[in-house]
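Chains as they are written, first to last, in UniProt numbering: chain A, 1 to 461; chain B, 1 to 461.
Note that these hints are calculated values from the structure, not bench results.
Just to be clear, a hint being listed does not mean it is correct.
Copies of the same chain look alike in the list, so a pair counts if it fits in one copy or across any two.
No more than 30 Å apart at the CA atoms, straight line, and that leaves these computed lysine-lysine pairs for DSS-like [claimed, not checked]:
#1 321 / 341
#2 6 / 75
#3 447 / 143
#4 267 / 341
There are 2 protein chains.
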Amino acid sequence: MAALEKVLEQIDTNQDQALARLFQLLAIKSVSTDADYATECARAGQFLVDQLQELGFEASLRPTPGHPVVVGKAKASRPDVPHVLFYGHYDVQPADPLELWETPPFEPRLTELDPGHKIIVARGATDDKGQLMTFVEACRAFKETGEFPCHITVLFEGEEESGSPSLPAFLAANKAELKADIALICDTGMWDRETPAITTMLRGLVLEEVVIKGANRDLHSGMFGGAVVNPIHVLSRIIADLHDAEGRVTLPGFYDGVTELPEDVAKQWRDLPFDEAQFLAEVGVSVPAGEKGRGVLEMIWSRPTCDVNGIIGGYTGKGSKTVLPAEASAKFSFRLVGQQKPEKVVEAFRAFVRQRLPADCKVEFLSHGASPALQLPFSSEALSRARRALQAEWGKDAVLAGSGGSIPIVGSFKQDLGMDSLMVGFSLDDDRAHSPNEKYELSSFQKGARSWARILTALAL
Amino acid sequence: MAALEKVLEQIDTNQDQALARLFQLLAIKSVSTDADYATECARAGQFLVDQLQELGFEASLRPTPGHPVVVGKAKASRPDVPHVLFYGHYDVQPADPLELWETPPFEPRLTELDPGHKIIVARGATDDKGQLMTFVEACRAFKETGEFPCHITVLFEGEEESGSPSLPAFLAANKAELKADIALICDTGMWDRETPAITTMLRGLVLEEVVIKGANRDLHSGMFGGAVVNPIHVLSRIIADLHDAEGRVTLPGFYDGVTELPEDVAKQWRDLPFDEAQFLAEVGVSVPAGEKGRGVLEMIWSRPTCDVNGIIGGYTGKGSKTVLPAEASAKFSFRLVGQQKPEKVVEAFRAFVRQRLPADCKVEFLSHGASPALQLPFSSEALSRARRALQAEWGKDAVLAGSGGSIPIVGSFKQDLGMDSLMVGFSLDDDRAHSPNEKYELSSFQKGARSWARILTALAL
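Using the sequences and the accompanying hints, generate a full structural model.
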């Protein structure tokens, strides 16, 4: 461990220079969504290319139809060590509304929230420049004290905040070059300021729209009501039937591939200081609405769901109109976990709808996407090593978090490059990502770099 | 019956003159909804005043904030005869689109559909000038051959096609003058060209809008789905629960006051040449959707219903949006029959909704109206006499029809003047009321006048 100790000491010794380098990057106005900032985006990319080249990476700015991608490659001297692909993004959200910033968004500064509690304030501090620089600084310390413990490829994109339009084609065109043993992603958060987290579960998503059609035109409900089928009634019955009294989704086979959490993870989540009542109170409710007997965190992170995101049919203006509508439609989303197969869910759902269709109704289905859940297996060796590394750095067990939302790059890495992703990030919930006065904890920046030093070392053991 | 025979003969003898008078009225462009035609409306009213005065009525044009009302009064010499109030309207729908008329809408003409099958073509022929003139011509024949069999008040309004805005206040201000034993209304149709009909049932209507509210704002369904209540699900459950598997409405007490049809009426309906399959096929369906075991005609004319006329919630644009909506709303209509009490239905419905409200949801109710069903009792003596009179004229039993829609004047007569209405009309389904090339059967006009002569005579016996 002598090599690691030297690396950590190097990170600590060079904190001021590291911060200066981060500030240089934060000062570049790399707003990807606004064409006026295209030159700034390229400048941010070039800054990172320069950084990587200083560290001995073979690095370049790679053109795309949009903003360029930074790719850098460095080898460890030992050939039999793992090959990691590190992902981050150098573009940022627009800074508007400017008047709400206490200081200009692209003039980074270090300040104190409380005595001794230092934060870095600037657009992109937490999303994602501060985060990606934790990895670059870890690499620098390895370089300055010896050599890289793993083979490392770095991929920094410049369009994450505008939906990554160029990335899928770039990955497809450079598969062989970018393929590694595992992806490391630094774009997520910690559980709280003292507790690290590894995001191991991202729920999948099936989006289906259903249009139920009855009569060949809107009818007068006085003249036809009672005699002719009402598509709103049919649709409502389908929606009502989709959950049982226990809050479970009733689609046959829906829970195939859904497993219970390992007991140690379940216990970890139960023991987390998570206040369900407060979480719900913040959005104006008080009772968990989903599967009976399961906690809110468990439901959001690790259980599949079905929600109707929108419904419309008949007359929806002011007052009343006695119309018997010809059609009604609804948009459904299914969040998937574990090994649930999106195509099976679609199939089961469509069969479920067809079974409830009266003789006189037709149905039309529109698919708006279907993607599986992404799970880093709890048994993954890389996960175990990362946990131990984070435990050593933070003195606390990392929370194995789930995420209700999706992170598209993780799906691309899995599907296109066949790699699992280890998502370790040091943002906090109150970092104001996408908002004025975005900040990053100085401790996240410094201990983040130390964390990557430990993780890279652990992966190579 | 010698007096009636003379009256009928008089009607037959004077057909050409009667038609000429009707054509004079049809030539007046009394479009009530268009202020440009206000003078024409007044002219049509004055024409009718003149007609009634010729027949010995005390008649005048009575001003309202809108178009004037014609009121005419005539007494029979026998004091102990019934007093009837006859209602019709002299205003018509706009004639647009003019280019679809084969001849100008206000140049009435007599033509043949098939050899010997004569029709009167003009705007207002069937709705309602042709119909109201059947009654005026019957009065004329009584006058020319003797005397009126009943005390008669005539009420012709000029705003029926624009929602009768002035009528309620006019009725309220002239209650004592207008109150009679029964109202006669000539604004409905026959069963078919050979079969007369008396409309004895108008369904009532309760209009309720329901807004279900959950979280205090729209949420991300990935972050909150499964944990926070979805108002679309709650609303769908309520809608689904409103009907049982037999198609009956499940509101407690909903069928209180609903009675089965008298067997003779039920038999009459069963024996009618009504093609359910064709009725449904015309709107693109094939299976009756309502209460199992009941016919389409029975359901539309005489059974209560519940329909959702509109529903909306969440994202309803193109594509998908993973939103967990804060609210969802729906508009409900209940058609009432018999003695169902609108206020009881409202009360039962609101309790039904509240019972299905999860702890975290709030509900808001908006009332868009509540009116009871109107039914001329099957045991009514006036009804029996009118049936016999129509049987004598047409050689067929009159169909005791229901109507799924509403005729507001009938409610006003019942509630404000305490009168039942006997609705006898001679329009046909293919008369193109409100459409280009509106027509009225010459047989409806002539036998209509004869029918009123028989009915008035029968009522006075």
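Here's how the hints hold up against the structure:
no.: 1; hint: 321 / 341; verdict: between (43 Å within a copy, 21 Å between copies)
no.: 2; hint: 6 / 75; verdict: within (20 Å within a copy, 119 Å between copies)
no.: 3; hint: 447 / 143; verdict: within (18 Å within a copy, 109 Å between copies)
no.: 4; hint: 267 / 341; verdict: within (27 Å within a copy, 58 Å between copies)
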